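Visitor: What follows is the residue order along each chain.
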Amino acid sequence: MTDKKRLTPEEIVKFFKDDFKKDIIDVKIKTNTAGSKKNQAINIWMKVDKGVFKKVVKHLMKIQYPHLAVASGNDLGKIIELIYHFTLYYEDRLGEITLNISVDLPKSKPEIESLCDLIPGALVTEWEKMEFLGVKFKGIPDERRLFVPDDIPKGVYPWRRDETGPDKLYKNLHEVKK
Amino acid sequence: MKQKSTTKTSYHIPIGPIHPALKEPVFFEFEIDGEKIVDVDVKLGHVHRGVEWASRRRNPVQILYLAERICGICSYCHPAAFTLAVERIAEIEVPERAEYLRVIQGELERICSHVLWAGVAAHEIGFDTVLYLTWQIRERALDLTEFLTGNRITKGIMMIGGIRRDITPEMIPRIKKDLEHFKKDFETLRHVFLDDKTVKMRSQGAGILTKDEAMKLCAVGPTGRASGVKKDARFGESYFAYGDLDIDLITPDVLTGEVNGDVYDRIIQRLLEVKQSIELIEQSMDKMPSGDILAEPKIPKLLAQLKKASGEAVGRHEAPRGEVIHYVKLDGNENPYTWKVRAPTYNNILPWIPMLKGEQIADIPIVAASTDPCMSCTNRVAIVQGSKRYNLNKEELHRLSIEKTRRLMK
Numbered sequence: 000m001t002d003k004k005r006l007t008p009e010e011i012v013k014f015f016k017d018d019f020k021k022d023i024i025d026v027k028i029k030t031n032t033a034g035s036k037k038n039q040a041i042n043i044w045m046k047v048d049k050g051v052f053k054k055v056v057k058h059l060m061k062i063q064y065p066h067l068a069v070a071s072g073n074d075l076g077k078i079i080e081l082i083y084h085f086t087l088y089y090e091d092r093l094g095e096i097t098l099n100i101s102v103d104l105p106k107s108k109p110e111i112e113s114l115c116d117l118i119p120g121a122l123v124t125e126w127e128k129m130e131f132l133g134v135k136f137k138g139i140p141d142e143r144r145l146f147v148p149d150d151i152p153k154g155v156y157p158w159r160r161d162e163t164g165p166d167k168l169y170k171n172l173h174e175v176k177k
Numbered sequence: 000m001k002q003k004s005t006t007k008t009s010y011h012i013p014i015g016p017i018h019p020a021l022k023e024p025v026f027f028e029f030e031i032d033g034e035k036i037v038d039v040d041v042k043l044g045h046v047h048r049g050v051e052w053a054s055r056r057r058n059p060v061q062i063l064y065l066a067e068r069i070c071g072i073c074s075y076c077h078p079a080a081f082t083l084a085v086e087r088i089a090e091i092e093v094p095e096r097a098e099y100l101r102v103i104q105g106e107l108e109r110i111c112s113h114v115l116w117a118g119v120a121a122h123e124i125g126f127d128t129v130l131y132l133t134w135q136i137r138e139r140a141l142d143l144t145e146f147l148t149g150n151r152i153t154k155g156i157m158m159i160g161g162i163r164r165d166i167t168p169e170m171i172p173r174i175k176k177d178l179e180h181f182k183k184d185f186e187t188l189r190h191v192f193l194d195d196k197t198v199k200m201r202s203q204g205a206g207i208l209t210k211d212e213a214m215k216l217c218a219v220g221p222t223g224r225a226s227g228v229k230k231d232a233r234f235g236e237s238y239f240a241y242g243d244l245d246i247d248l249i250t251p252d253v254l255t256g257e258v259n260g261d262v263y264d265r266i267i268q269r270l271l272e273v274k275q276s277i278e279l280i281e282q283s284m285d286k287m288p289s290g291d292i293l294a295e296p297k298i299p300k301l302l303a304q305l306k307k308a309s310g311e312a313v314g315r316h317e318a319p320r321g322e323v324i325h326y327v328k329l330d331g332n333e334n335p336y337t338w339k340v341r342a343p344t345y346n347n348i349l350p351w352i353p354m355l356k357g358e359q360i361a362d363i364p365i366v367a368a369s370t371d372p373c374m375s376c377t378n379r380v381a382i383v384q385g386s387k388r389y390n391l392n393k394e395e396l397h398r399l400s401i402e403k404t405r406r407l408m409k
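Taken in sequence, the protein lines are chains H and S.
Each residue of the first sequence is one higher than the one before, counting from 0 in numbering that gives the first Met the number 0.
Each residue of the second sequence is one higher than the one before, counting from 0 in numbering that gives the first Met the number 0.
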């Protein structure tokens with residue numbers, strides 16, 4: 000893995016664009032400096048079509064087995080956005096690149112393929128998105144609840160901002176059946 | 000809880016949600032064959048406080064104090080990662096001196112945390128004298144923290160755009176004196192943990208996590224590094240002043256020449272990191288330039304600036320237990336649109352499963368504690384064996400662990 004030539008952030012973007020072309024919807028490379036020497040920290044933000052998401056991750060594994068830090072989620076009204084935070088080249092001094100791959104899912108059918116067969120460690124973060132945002136992961140090995148208590152009714156997702164959110168629950172706690 | 004079919008020879012023991020090895024709730028269900036652990040299942044969420052949701056009603060400066068209360072031991076790391084993300088969105092340039100002061104705070108917290116852990120680990124295998132020794136060292140580290148920040152645990156030292164308290168020249172002799180003490184203490188701990196025959200017998204070959212498993216299960220921090228995964232945010236990413244300092248990526252083979260990924264390696268890993276933290280504090284004090292410590296000292300002005308900012312960013316900081324990563328999305332309102340917190344134990348839960356499989360019941364406390372989990376601890380274990388049900392309490396499980404140590408010492 001490490002014997003391969005190290006790619007620059009631009010080359011990483013090209014590596015994906017060559018294969019997925021229009022399915023890579025948006026790409027941004029952001030750099031921030033810190034300390035006296037003003038060394039750079041690099042973040043790549045890439046939005047991909049949900050149809051190719053898993054293929055993108057498979058393609059990413061050709062560069063290096065990535066570290067999946069976590070997936071974040073946003074409720075954007077009609078869309079649920081998932082952002083997977085990967086890191087690459089963490090063995091190189093000041094060379095770590097954070098690759099944030101985001102994907103939009105329609106709220107009417109928030110479904111995406113599970114990454115657990117590629118990265119078994121994705122299980123905990125997928126569980127969390129399932130419970131807190133109501134995203135369905137196709138092929139997830141275990142579908143029980145992990146974080147939310149058993150007495151939270153089904154169909155309530157704590158991070159949603161619409162009627163399926165927790166507002167009713169916390170305003171009328173006395174009505175919640177234990 | 001997943002119910003699995005039980006064969007004649009194996010039975011299930013539920014442990015938790017309050018558990019002997021940890022000081023916060025987590026629920027384990029072990030499938031046991033005699034003394035041997037066949038399978039493990041975990042359930043979490045007993046202390047999910049909805050912190051991220053609570054942030055929707057707070058502005059970024061208020062969130063710093065909320066973030067500080069995510070974890071009592073990592074009370075600096077969470078505000079640090081959140082601040083990094085917010086500074087990146089609002090493009091705030093932090094004064095250089097503040098970047099060095101931030102390193103000092105981060106490393107001091109690491110010393111407190113690792114020494115605390117060393118005490119807990121010793122207690123789990125029945126060496127309470129070592130617990131008192133390590134916590135005495137931690138006491139000195141906490142006193143130094145209080146000297147620098149005004150408080151021992153929730154320090155309130157982080158601020159967006161800098162840090163809240165400076166280190167003045169008259170404070171330096173006291174810090175240097177304490178660092179000298181820590182160096183001596185480090186040698187004592189090294190001798191106690193690494194040369195002791197019984198510690199070796201209890202920890203070598205116990206709770207093994209291979210490099211491959213650690214990578215696939217996304218293990219972070221000392222848990223991952225002790226298995227040979229060379230990942231440390233301080234080494235890989237440029238944030239605070241870590242990019243300016245000489246820092247090595249430590250794995251246990253530095254000392255022993257090989258990586259086994261067992262409990263012993265995790266002990267070595269943390270001890271070496273204590274030494275590294277002392278050196279990093281010394282380097283920071285030497286290299287620290289003079290100047291301001293805040294980019295914007297007026298809070299209302301800072302908040303107005305943050306209100307105008309919009310965008311998304313991630314902040315990562317290497318906490319004592321591993322990398323803390325925060326995702327923040329600002330949308331031009333007073334409060335952030337989204338704030339996602341990922342604490343290191345979140346990623347170190349799944350690695351417990353390969354570590355515990357094949358071990359004995361008496362090894363549960365030390366193996367579970369060896370990842371330094373930031374979750375918690377139970378007072379009671381219920382053993383269900385056929386139709387008979389009886390309870391094993393914390394003391395009982397602890398006693399089993401001590402008995403094993405004594406057996407080995409004979």
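Fair warning: there could be bad hints in the mix.
Unchecked claim - In silico contact screen, one side only, chain S against chain H (beta carbon under 7 Å); selected entries:
#  : residue
1  : F26
2  : R48
3  : I88
4  : P94
5  : F185
6  : K210
7  : M214
8  : L216
9  : G235
10 : D330
11 : K339
12 : I352
13 : P353
Claimed, not checked - Which residues of chain S face chain H? A few of them, derived with a C-beta cut under 8 Å, are:
#  : residue
14 : L43
15 : G44
16 : G242
17 : D245
18 : K274
19 : V313
As the list claims (entries may be wrong) - Below, in silico cross-link-like pairs of lysine to any residue (SDA-like), each with a Cα-Cα straight-line distance of 20 Å or less:
#  : chain 1 : residue 1 : chain 2 : residue 2
20 : H       : K27       : S       : S309
21 : S       : K307      : S       : E90
22 : H       : K37       : S       : A294
23 : S       : K286      : H       : L93
Because the hints were derived from the structure by calculation, they are not lab data.
Note that the structure is a prediction, hence the values are computed from the model and not measured.
All residues carry an ideal CB built from backbone N, CA and C; glycine is no exception.
Visitor: If a hint holds in the structure, say so; if it doesn't, say that too.
Guide: Structure-based check of each hint:
The criterion of a C-beta within 7 Å of any C-beta in chain H is not met by F26/S, whose closest approach is roughly 10 Å, and the hint is violated. A distance limit of 7 Å between C-beta atoms decides the matter here; for R48/S the minimum to chain H is near 11 Å, and the interface restraint is violated. The beta carbon of I88/S is not positioned within 7 Å of any beta carbon in chain H (closest approach about 10 Å), and the interface hint is therefore violated. Annotation: interface hint on P94/S violated; nearest CB of chain H at approximately 11 Å, more than 7 Å.
With a cut of 7 Å, the hint placing F185/S at the interface with chain H is violated, because the nearest CB-to-CB distance is about 25 Å. Given hint, K210/S at the interface with chain H, is violated; its Cβ is 11 Å from that chain's nearest Cβ, farther than 7 Å. Because the closest C-beta pair between M214/S and chain H is about 6 Å apart, less than 7 Å, the hint holds. The closest approach between the C-beta of L216/S and any C-beta of chain H is roughly 4 Å, which is under the 7 Å cut-off, so the hint is satisfied.
A least Cβ separation of about 3 Å between G235/S and chain H falls short of the 7 Å threshold, and the interface hint therefore holds. Residue-level restraint check for D330/S is violated (minimum Cβ-Cβ distance to chain H is 10 Å; threshold 7 Å). Checking K339/S against chain H by beta carbon gives a least distance of about 4 Å; that is within 7 Å, so the hint holds. About 10 Å separates the beta-carbon of I352/S from the nearest beta-carbon of chain H, more than 7 Å, and the hint is not met.
Because the closest C-beta pair between P353/S and chain H is about 10 Å apart, greater than 7 Å, the hint is violated. Annotation: L43/S was flagged as interfacial toward chain H, and the flag holds, the nearest CB pair being 6 Å apart, inside 8 Å. With a least beta-carbon distance of about 4 Å to chain H, the hint placing G44/S at the interface is held under the 8 Å criterion. Satisfaction of the interface hint for G242/S is found here, the shortest Cβ-Cβ separation to chain H being roughly 4 Å, below the 8 Å cut-off.
Interface restraint check: D245/S against chain H, minimum CB-CB distance 10 Å, threshold 8 Å, status violated. Given hint, K274/S at the interface with chain H, is violated; its Cβ is 19 Å from that chain's nearest Cβ, farther than 8 Å. Restraint check, V313/S versus chain H: the minimum CB separation of about 6 Å is within 8 Å; hint holds. Between the alpha carbons of K27/H and S309/S the distance comes to roughly 15 Å, so the proposed pair stays at or under 20 Å and holds.
The straight-line distance between the Cα atoms of K307/S and E90/S is roughly 11 Å, inside the 20 Å bound, and the hint therefore holds. With a C-alpha separation of about 16 Å, the suggested pair K37/H and A294/S falls inside the 20 Å cut-off, and the hint holds. Straight-line distance between C-alpha atoms of K286/S and L93/H comes to about 19 Å, which keeps the hinted pair within the 20 Å bound.
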